[in-house]
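Q: Model the full assembly from the supplied sequences, consistent with the hints where possible.
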Amino acid sequence: MNTPVISWQNLQKSFGAKEVLRGIHLDLESGTVLGLLGANGSGKTTLIKCALGLLRPTAGSVSVFGENSWDLSASAKARLGYVSQEVTSYPWMRVRQVIAYTAAFYPKWNQVFVDELSRRWHLPLEDRVGTLSTGQLQTVGIVLALGHEPELLVLDEPVASLDPSARRQFLRTLLEMLDGRERTVLFSTHITSDLERVAGRVAILADGKLRFHGELDELKDRVKRLRITSRHDLPASFAVPGALRCEVAGANATVSVADFNEKLVHDMRQTWDAEVSVHDLNLEEIFVEMHDGSVC
Amino acid sequence: MGPFASQLEQVALTYLTRRWLIFGMVAPFVGVALFMVLATLENSSKLAGSAARSLAVPLFVVIPLLVLHAKIQFAHSRAKLVPNFAAAHLAIVALVAFCSLVVYPVAIAFATGLDPLGAMAYALAISLPAMWGCQFNRGPLFVVSFLLMLSVMGEWTLNWWFMPEPADRLSHLLIVAVGWIGIAAWLRRLEQLGEESDDYEVPPILKSERPSRAENVATSNFAAKQFSRNRLLSGTSDWWLAQIRPAPVHPDWRSGRRNGRRLLAYGLSGQPAWMSALILGIVMLLVALVMSQLTFLGGPSTRRAGVPLMYVLLFVPGLAPLTQLVQHRPRLPGMLLFPMTRNDLIDGLLVTIARGVALNWLALILVFAFIVTVFPEEQVALTTAAVFLLLSAALTVVSFGLGVQFATWEGAIKRTLAFAGCFGLLFAPSMAWWKERQLIGDVPFVLLAIFLAAIGAWIIARARQKWLSLELG
Numbered sequence: 151m152n153t154p155v156i157s158w159q160n161l162q163k164s165f166g167a168k169e170v171l172r173g174i175h176l177d178l179e180s181g182t183v184l185g186l187l188g189a190n191g192s193g194k195t196t197l198i199k200c201a202l203g204l205l206r207p208t209a210g211s212v213s214v215f216g217e218n219s220w221d222l223s224a225s226a227k228a229r230l231g232y233v234s235q236e237v238t239s240y241p242w243m244r245v246r247q248v249i250a251y252t253a254a255f256y257p258k259w260n261q262v263f264v265d266e267l268s269r270r271w272h273l274p275l276e277d278r279v280g281t282l283s284t285g286q287l288q289t290v291g292i293v294l295a296l297g298h299e300p301e302l303l304v305l306d307e308p309v310a311s312l313d314p315s316a317r318r319q320f321l322r323t324l325l326e327m328l329d330g331r332e333r334t335v336l337f338s339t340h341i342t343s344d345l346e347r348v349a350g351r352v353a354i355l356a357d358g359k360l361r362f363h364g365e366l367d368e369l370k371d372r373v374k375r376l377r378i379t380s381r382h383d384l385p386a387s388f389a390v391p392g393a394l395r396c397e398v399a400g401a402n403a404t405v406s407v408a409d410f411n412e413k414l415v416h417d418m419r420q421t422w423d424a425e426v427s428v429h430d431l432n433l434e435e436i437f438v439e440m441h442d443g444s445v446c
Numbered sequence: 062m063g064p065f066a067s068q069l070e071q072v073a074l075t076y077l078t079r080r081w082l083i084f085g086m087v088a089p090f091v092g093v094a095l096f097m098v099l100a101t102l103e104n105s106s107k108l109a110g111s112a113a114r115s116l117a118v119p120l121f122v123v124i125p126l127l128v129l130h131a132k133i134q135f136a137h138s139r140a141k142l143v144p145n146f147a148a149a150h151l152a153i154v155a156l157v158a159f160c161s162l163v164v165y166p167v168a169i170a171f172a173t174g175l176d177p178l179g180a181m182a183y184a185l186a187i188s189l190p191a192m193w194g195c196q197f198n199r200g201p202l203f204v205v206s207f208l209l210m211l212s213v214m215g216e217w218t219l220n221w222w223f224m225p226e227p228a229d230r231l232s233h234l235l236i237v238a239v240g241w242i243g244i245a246a247w248l249r250r251l252e253q254l255g256e257e258s259d260d261y262e263v264p265p266i267l268k269s270e271r272p273s274r275a276e277n278v279a280t281s282n283f284a285a286k287q288f289s290r291n292r293l294l295s296g297t298s299d300w301w302l303a304q305i306r307p308a309p310v311h312p313d314w315r316s317g318r319r320n321g322r323r324l325l326a327y328g329l330s331g332q333p334a335w336m337s338a339l340i341l342g343i344v345m346l347l348v349a350l351v352m353s354q355l356t357f358l359g360g361p362s363t364r365r366a367g368v369p370l371m372y373v374l375l376f377v378p379g380l381a382p383l384t385q386l387v388q389h390r391p392r393l394p395g396m397l398l399f400p401m402t403r404n405d406l407i408d409g410l411l412v413t414i415a416r417g418v419a420l421n422w423l424a425l426i427l428v429f430a431f432i433v434t435v436f437p438e439e440q441v442a443l444t445t446a447a448v449f450l451l452l453s454a455a456l457t458v459v460s461f462g463l464g465v466q467f468a469t470w471e472g473a474i475k476r477t478l479a480f481a482g483c484f485g486l487l488f489a490p491s492m493a494w495w496k497e498r499q500l501i502g503d504v505p506f507v508l509l510a511i512f513l514a515a516i517g518a519w520i521i522a523r524a525r526q527k528w529l530s531l532e533l534g
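Top to bottom, those sequences are chains A and B.
Just so you know, we're using my numbering here: the first sequence kicks off at 151 and counts up by one.
Just so you know, we're using my numbering here: the second sequence kicks off at 62 and counts up by one.
No incorrect hints appear here.
Capping the alpha-carbon separation at 25 Å, the derived lysine to any residue pairs in SDA-like fashion look like this:
#1 370(A) x 417(A)
#2 527(B) x 206(A)
#3 527(B) x 224(A)
Simulated from the structure, these hints should not be mistaken for lab results.
A: What follows is the structure in structure tokens.
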């Protein structure tokens, strides 16, 4: 069995008395694109930073390429790339200088690829980094993270400050990089449509716990919205097992369920003497249902 | 309570709820009061002189803290967007300035029999350049303040400031008037502070505990502008960064480590360490020459030229890791992911900074040697010179260690105050050697140097461990 590229084992992380991550078990296998979703403050960035050795787990462990993430070797680091939410760079350097500086650390650096990316994103190579806009700085951060063509790419809200054209360019580049190559990507973003384009698997964090982890298609198969129309007004005791959200108005109810199956529909028809229609949800709707639901 | 009084109360809370700020603003005054009590107990006839010589010390802490706090408040969009923001904030700033520059010197003057107007003039004269220097992040203005502070070393100037002839009163009055015009102009400057202003940026060493994205952007813009504006700096930086060479294609662990550590110097500064040392050496040479030639202090003297050099000798080594590591802190998460181990990164940074400190130390020692040679007040024996080098090197090690240790702290004001306090303590052995070496002899200072070097090595080892276990994310 292959060693997972990243393995979180019973990870707990607290900042003082505040518990941010509570016993996370998660393996990221080689060649997987894992989308990480969660509300603000759910612990996504902390999960990522623990994996990169930027934060130390309070309990449990994280390994990357089989090494303890806190003490990663130089060779392990040469195989990973990271784009953070907020790129910080060397303000006094020109863009071309910061590229040369970063390149000099890596034994394998694809300058042709970097030149191509710089051209695509119209990077102002002669400008000093300190004068760049937030979006330009973010694109510089992306180019720097991709220049050594890492086996593992960790993206923490990489496109939040990019314009639509640059965001599209980024996704195109990412898909090109993934095409036919054994790369592993951990991609945290609130833009769920981006995730749907690139991610095969999804992990959803809520209140520091892993709420779901699995194939994106499996998630979509499991989370459904049901519209129930009964012949009589639905009673106050109306309830659906495994419901994420429930709205009842007279004889009608809209229910989102986390564990959909045909038996559930059949049982509801029988119990409430009702018509039940089943509706698919996209990833954004699933996210909203999971986080904003009023359970019945 | 009316709306303005309520606003004043809220603004005052921004000072009172930052405990290190309030400590920094109050403790120096308490320190001077205690010092004066001790001086009175020891010899009351010397009280006036002691008070005059120590009057400036709290102001060198309080005024930069005041400017810092005011800048943090005004270098922000809320200063322009929140209605009636300026009036209440400026009122509190003016009140603190009034207490520090009028109430304090006048109270000291009345308590010790000094001239109140002269004391006020002196306080304003030394504070105004420091205030504007802090506002615009200009070091030379601090040097002006520093030189004015040292002016009380001479008997004649001491009397001119604090026991003036009637004819001097007009000059003092003029200084006070100019001083308050300067403060009024500073308050106006704060109110007009805009994002495009050169002084919009808050120095990273004094920044709030957790800088916002806006603060980081302002810092970044400031650094870039410094290089864009100055052709010499820009040219030097381009030349320096052109020296970066690609990594070895097939590195073994040793060449990979060497490559990584070598590169860290480019990421720490926009210019090579030897150039910073050269600039420091030239500046201090000029300061020492000016000091030595101030004939109204009593003719050319190595002694007067040496004291500021000794100050700087101690100040620079500790300040270098403190400022460089603090400024570099936001970039460290990114650097930690470069292909090098955590140990290699931290050791590489410390070695790179230490190399710069050693060059600065060497530059200052050469200036010292030059001054001693040009203005020989006494025959300096080889052993005396050796003891000085030993003591200075040991103090440099301690100062460096403290800088590395304090840079791990998050609180900017706590960091600054701790460093300032230790700087005062470290100055004592130097000053003791400077004044008492002929009386005490070399041996105690050699032993002291060995002890200090051991302490310094211990502090560095502890600070290194702290950095290794620090969460950089």
